[in-house]
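Kindly generate the complete structure, drawing on both the sequences and the hints.
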Amino acid sequence: MNARAPLAALLLVLATATLATADSSSYKFYFYNKKNAGDKRGNLIASEFDKQDILNAGYDPALPTKVLIHGYLNDDTSAAVQIPKNAYFKADPSVNVIALNWDIKNLPIYGMWVTKVAGAGQRLADLVDFMVENELLKLDQLHIVGHSLGAHVAAIAGERLTSGRVARITGLDPARPFINFKTLDGRLSKDDADLVDVIHTNAGGLATAQPVGHVDFYPNGGEVQPGCEWDLSGACSHGRSYQLMAESIVDPKAFQAWKCEDNWDAVHLRCTNS
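In mature numbering (1 follows the signal peptide of the UniProt record, and there is no 0), the protein residues as written are -22 to -1, 1 to 252.
Just so you know, the hints here were simulated from the structure itself, not pulled from any lab data. Every residue, glycine too, gets a C-beta built ideally from N, C-alpha and C. Any given hint could be a false lead.
List of simulated lysine to aspartate or glutamate pairs, EDC-like, C-alpha gap at most 16 Å [as the list claims (entries may be wrong)]: (1) K13 x D53; (2) K6 x E26; (3) K116 x D38; (4) K6 x D53; (5) K29 x E111; (6) K12 x D53; (7) K29 x D107; (8) K68 x D17.
Pairwise CB distance ranges, derived in the manner of DEER restraints [to be verified]: (9) H246 x S141: 16 to 26 Å; (10) D169 x E207: 30 to 40 Å; (11) H246 x S3: 44 to 54 Å; (12) I87 x E113: 40 to 50 Å.
Printed below as a string of structure tokens:
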């Protein structure tokens, strides 16, 4: 018998117990507009969704909406959310930005975070459905961006919406460990939005190398990013995904890309501009 099996079973029991006691207050949404764009934490949207409360937070139904989702060991104040958020307001302040905080306080066990992905995705779907039903949001103006495990949170939200289909989901180096890529359920795929685009920066390490969107980008081959060569954990390259995303928001012409026949060619830099 695998000596790790009892430990794995214990972690699963603990994770299930954690989820069983979780409620809507476990998932917090923070709102930003041009007036509070410089704040690290936005205006809290009450867990009991209320149309007037959302409007009072500064939300403008006439503007496009971006939802930003962090990954493992992060929260809404982390760089994975703050860097893209700042880029959006630098590029065009006429935008709504909502940050989802789904962190598990004092529980650094990765497996527990994986088990919470579905709940976080469902809660985001609940918010989006509420906003659509109350004429606060049009789905063709919605863009959800998720880093690492947050990419799969975005996917589940897209899967579980009852009000329609999300216009766009961007996966920033979607997490690989403990995620079943043999099925479309519970992980990012091109079925989750009208457009799913993905940036791979630590492919095969902390993130998947598999193309999962309509368009998948593999900067510098997608595995190890410049300046991250000595980081064996992969965290440095993993974080470059949201940095590159932010740069592309501010300057849409910042990067040149070539079409590849498959992800093997992309990872091995075998693509041409012909």
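Restraint status (C-alpha distance of K12 to D53 at most 16 Å): With a Cα-Cα distance of about 21 Å, the restraint between K12 and D53 is violated, given a limit of 16 Å.
Restraint status (C-alpha distance of K6 to D53 at most 16 Å): Cα-Cα ~10 Å, so holds.
S141 and H246 - C-beta distance against the hinted 16 to 26 Å: 42 Å, violated
Restraint check for K13 with D53, where alpha carbons must lie at most 16 Å apart: Cα-Cα ~22 Å, so violated.
Outcome for the supplied range 40 to 50 Å, where the beta carbon pair is I87 and E113: At roughly 41 Å between Cβ atoms, E113 and I87 fall inside 40 to 50 Å, so the hint holds.
Hint consistency between K116 and D38 [alpha-carbon to alpha-carbon, up to 16 Å]: Holds - the C-alpha atoms of D38 and K116 are around 12 Å apart, at most 16 Å.
Consistency of beta-carbon spacing, S3 to H246, with hint 44 to 54 Å: 47 Å, holds
Pair hint K6 and E26, alpha-carbon separation not exceeding 16 Å: Satisfied, since the Cα-Cα distance of roughly 11 Å is no more than 16 Å.
30 to 40 Å as the expected CB spacing between E207 and D169, which holds or is violated: Holds - the Cβ-Cβ distance for D169 and E207, about 36 Å, lies within 30 to 40 Å.
Restraint status (C-alpha distance of K29 to E111 at most 16 Å): Given that 16 Å is the threshold and the Cα spacing comes to 10 Å, the pair holds.
K29 paired with D107 [C-alpha distance capped at 16 Å]: It holds: about 12 Å lies between the C-alpha atoms, which stays within 16 Å.
Straight-line alpha-carbon gap K68 to D17, limit 16 Å: It holds: about 14 Å lies between the C-alpha atoms, which stays within 16 Å.
Violation of the numbered hints given earlier is confined to hints 1, 6, 9; the remaining hints are satisfied by the structure.
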